[in-house]
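Respectively, the protein sequence lines represent chains A and B.
Basically the numbering used here = 1-based index in the first sequence + 149.
Basically the numbering used here = 1-based index in the second sequence + 245.
It is worth saying that the hints were derived from the structure and are not from the lab.
Here the structure is a predicted model, which means the values were calculated and not measured.
No residue lacks a Cβ here, since even glycine has one placed at the ideal position from N, Cα and C.
If a hint is listed, it holds; no wrong ones were tucked in.
One side only, chain B facing chain A, incomplete, derived with CB under 8 angstroms:
(1) I255
(2) A259
(3) E261
(4) Y287
(5) D299
(6) V302
Here are the computed distance ranges between Cβ atoms for each label pair:
(7) S282/B - G221/A: 51 to 57 angstroms
(8) D334/A - R317/B: 50 to 56 angstroms
(9) A280/A - T276/B: 33 to 39 angstroms
(10) A285/B - R177/A: 48 to 54 angstroms
(11) P269/A - C277/B: 35 to 41 angstroms
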Amino acid sequence: MTDRADQAHEPDSRSDAELMERLAAGEREALAALVRRHQEHIYRLARRFLGSPEAAEDVAQDVFVRVLEHAGRYRPTAQFKTWLYRIVANRCWDLRRRARRARLGLVLQEPMPPASTPDPAKTERAERVRAAVAALPDRQRLALVLHRFGGLSHAEIASATGWSTRAVESCLVRAYDNLRHALADLGAE
Amino acid sequence: MIHASKTDLIRLLAGELSDGQREALEAHLATCPDCRSVHASYRQVHGALGDWPDEPVPDLVARVEATLAARRRAALLAGWRRLRRPARIAAAALLGVGGGYAAGRLSAGAAGERGPAWPAAGEDEAMAAVGAVWLAVPTATGLPAAVFASDEAWERGMES
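One chain only, chain A, in its complex shape (with noise of 0.2 angstroms):
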């Protein structure tokens, strides 16, 4: 895939909508600029979600191969963002409930990359934080990670998993008050 927004060393300023409309004529560059606009959140959701690196690469990668295979029914009414996040939490449940079945181990306890700056009373904070939304229920989990690193609304949030907006509504309300009783002695920063 070339990268045209790369080779003029200029961000790519085309819509996501005009994009798709690219991939659906056939035009692959036009893949590997959503890849590179969007790999970073979508990464980070997954990796915030699942836990691990590892299982996050996959997830992502597989976001962007469906992204490819569904361009043709992609239609430019649908908020992209919202389509988008649709199938990246569909990846991440689908993920989970096939390690659970197969009571396969996903960690969700990876230690935290070293620090760039190295703070250890920030680095213990940041992995109290993660160890904490590891262990909620994995519906709390993604309601929550949509939400407050994502930037998904309630509505974009149900839309996205297929839940009620009142399930939404429910899930974060009790991944706040799980969180709130977790870091009780944290404080505040």
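Chain B: place on chain A using the hints.
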């Protein structure tokens, strides 16, 4: 007293309330210690989540491209396996023409003659090792084509 909904407290932290909703909720929080306590603990959680740093992201472009290429190869092989034997022989002949085209274009003799692009004796042994034989006569373009004895022979030939 009617308390604030926890959902609205979370939406307040996420900046999802309208100006009117936010003002009404903040007015209530000013008068309700219970809701204020829940809001404070939710704010602490919201802030703590922000302390979870972003991690470096791998470059996925190459990986996605590699996955797509592997799927294309698998699809080609699956399609080949679905062909009936006479079609495979015909396809092998065509591929023999196509595969030798670049060399044949530079060095092929007249149609019916064995030109410099014709397989050398050593290549016949190599072909036999994977279960294939060159056609006794060249194709109409003067380029060689091969017949593979089986699916497995074809795959061995493709891999070699």
